[in-house]
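Construct the entire structure; sequences and hints are all you get.
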Amino acid sequence: MNLKELYQEIILDHGKNPRNLGSIDKFNRDAKGHNPLCGDKVHVYLKLNEKKKIEDISFEGSGCAISMASASIMTDLFKGKEESEVKEIINDFLEMIKEKPELSSQKLQDDEKTKLMCLSGVKQYPMRVKCATLSWHTLTSAINNDKKEINTENEKI
Amino acid sequence: MNIDNIKSQFPIFNNKVQNNDLVYLDSANSSQKPQVVIDRIYDFYTKEFSNVGRSVHYLAVAATNLYENTRVSVQKYLNAKDKHEIVFTKGATEAINLVANTFGQKYLKEGDEVLITELEHHSNYVPWHYLRKLKGIKIEFAEINNDGEITLESLEKKITPKTKIIAVTHISNVTGAILPIKEITELAHSKNIPVLVDGCQGAPHLKLDMQDLDCDFYAISCHKMYGPTGLGILYAKKKWLEELPPYQGGGGMISEVKKEGISYGDLPNKYEAGTMATAQVIAFNESIKFLEKIGIKNIVSHEKKLMDYGLEILKKNNSVKIIGNPRNKGSVISFTIEGVHPHDIATILDEDGVAIRAGHHCCQILHEKLGLAATARASLGVYNVKSDIDQLNDSINKCKKIFDLK
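Going line by line, the protein sequences match chains G and R.
In this text, residue positions in the first sequence follow our numbering: the first is 1, and each later residue adds one.
In this text, residue positions in the second sequence follow our numbering: the first is 1, and each later residue adds one.
Quick caveat, the hints were computed from the structure, so don't treat them as lab data.
It is possible that part of the hints are untrue.
[To be verified] No farther apart than 30 Å at their CA atoms in a straight line, the calculated lysine-lysine pairs in the DSSO-like style are these: (1) R:Lys133 x G:Lys41; (2) R:Lys237 x G:Lys41; (3) R:Lys315 x G:Lys4; (4) R:Lys237 x G:Lys98; (5) G:Lys41 x R:Lys398; (6) G:Lys41 x R:Lys406; (7) G:Lys4 x R:Lys316; (8) R:Lys369 x G:Lys147; (9) R:Lys321 x G:Lys41; (10) R:Lys406 x G:Lys148; (11) G:Lys16 x R:Lys316; (12) R:Lys406 x G:Lys16; (13) G:Lys107 x G:Lys51; (14) R:Lys369 x G:Lys41; (15) G:Lys147 x R:Lys133; (16) R:Lys133 x G:Lys123; (17) R:Lys315 x G:Lys148; (18) R:Lys386 x G:Lys115; (19) G:Lys123 x G:Lys26; (20) R:Lys401 x G:Lys115; (21) R:Lys315 x R:Lys81; (22) R:Lys81 x G:Lys113; (23) G:Lys16 x R:Lys401; (24) G:Lys16 x R:Lys315; (25) R:Lys81 x G:Lys4; (26) R:Lys81 x G:Lys115.
Written out as structure tokens, the structure reads:
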């Protein structure tokens, strides 16, 4: 793993032109996340319908290319997915970033896995792992509707 | 000693870091160690080790003498009046905590004010914050100007009859602003207010003269002065060390201990409870000798030349923005690149062996004021050379290329 693999075209593209950036109309779940070490901030919004499916999802925030790209790729991925699927994929992603070499969830298509694996470059940069995972933890908090702000320095994440 | 060859005295530069020559631009965070300091630690543990100040055997006496020799060297280096004004601590953070705790205990009450500045490192804010919680004191912040400086006037504005102590940094670890300490102490003393100086960035880079600065307290971080980690120094005027209560209790700091009461030891033992960082103290004497051998005048002019060169080069670089423009500036260059987050900058520079720091540098108050979540910072040490700055600039250009910037 080297720098080129961390800053791949897809990361730079999502980092510079994040998808789903901004608030959404009529969201019914949201949560904020903060990484005080880097100053990364993220606010995730989602509209969960009565069938527990994510109808719409977006984020607002500022931060490094990795954190922005991660939030952008994440929101792209989850639009239209069901809550249970989303939770499984979040766990799979976080485990992959922490220790597992690959993603294993059956809920992910191959092209989705390829996209997410672009973020695995941070594994070589332990100080940057939190940049990649902040929006994912924040999404979990939003889904659970537990009204707590994620702070990477307070959580064991 | 030729200052341009100083790098050769630091063995870390003999090794490649991830296949690159190390370009170390993080000395404001911590400095590298010269061979003489490393050798001294090795020799002490190998041939001379004993605890100090307790036993009467040969090694204990010899170690005690070595330990006290460093105190005298530091006293001379700082031009302190008395060697008992030098207290060893585990770091500058502990030195400031010692003062905040003991001064706060004895002299501060609800409504009293501690005056600090927006430039302060968290270690010169958080210890005072404890007193805010504990005693209901207030903390006032002198404000920076547009150049990232603290002027005498901005401090004076915040002094009130309730100001009980002023605690300021000597040099900002972000903007590099050098504060007019002598003028500040003159002003403060005219109002009977003592002054604490956080000397972490000052001590490695400036000529120090405690009697001339006339501050009441000066905190030093030894690992930023080419010395070992785990060691700091509190300089304090003798009258304060005599008046203030002890900080930590334990062995070594007592005179007599009985069930019904305890009396404390004389200076400096009163503030050095427990087994101290013996090897580090003894090795720090080598750091002082090393600095004296090069000469602080030479260090100042070497670092100034390099910093001016760095500023000149980086100012010419499109999209690089230098943070702060103080007239008197220490060897710290904080910057941002429009469109690239500082952590991305630091990671990309790291691949070329360029070690800088990115983040808020323990100065969240200042970053909030500047409206920045983070900055990148290149800071200089005595071992840096012109080519380090060139490499910094080349790597910044690489960074811009990755992010498609011109």
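Here is what the structure says about each hint:
no. : hint                : result
1   : R:Lys133 x G:Lys41  : 28 Å, holds
2   : R:Lys237 x G:Lys41  : 45 Å, violated
3   : R:Lys315 x G:Lys4   : 28 Å, holds
4   : R:Lys237 x G:Lys98  : 51 Å, violated
5   : G:Lys41 x R:Lys398  : 26 Å, holds
6   : G:Lys41 x R:Lys406  : 27 Å, holds
7   : G:Lys4 x R:Lys316   : 27 Å, holds
8   : R:Lys369 x G:Lys147 : 28 Å, holds
9   : R:Lys321 x G:Lys41  : 22 Å, holds
10  : R:Lys406 x G:Lys148 : 41 Å, violated
11  : G:Lys16 x R:Lys316  : 25 Å, holds
12  : R:Lys406 x G:Lys16  : 15 Å, holds
13  : G:Lys107 x G:Lys51  : 18 Å, holds
14  : R:Lys369 x G:Lys41  : 17 Å, holds
15  : G:Lys147 x R:Lys133 : 27 Å, holds
16  : R:Lys133 x G:Lys123 : 40 Å, violated
17  : R:Lys315 x G:Lys148 : 43 Å, violated
18  : R:Lys386 x G:Lys115 : 42 Å, violated
19  : G:Lys123 x G:Lys26  : 36 Å, violated
20  : R:Lys401 x G:Lys115 : 23 Å, holds
21  : R:Lys315 x R:Lys81  : 43 Å, violated
22  : R:Lys81 x G:Lys113  : 68 Å, violated
23  : G:Lys16 x R:Lys401  : 14 Å, holds
24  : G:Lys16 x R:Lys315  : 25 Å, holds
25  : R:Lys81 x G:Lys4    : 57 Å, violated
26  : R:Lys81 x G:Lys115  : 66 Å, violated
This entry does not satisfy hints 2, 4, 10, 16, 17, 18, 19, 21, 22, 25, 26, going by the numbered hints stated previously.
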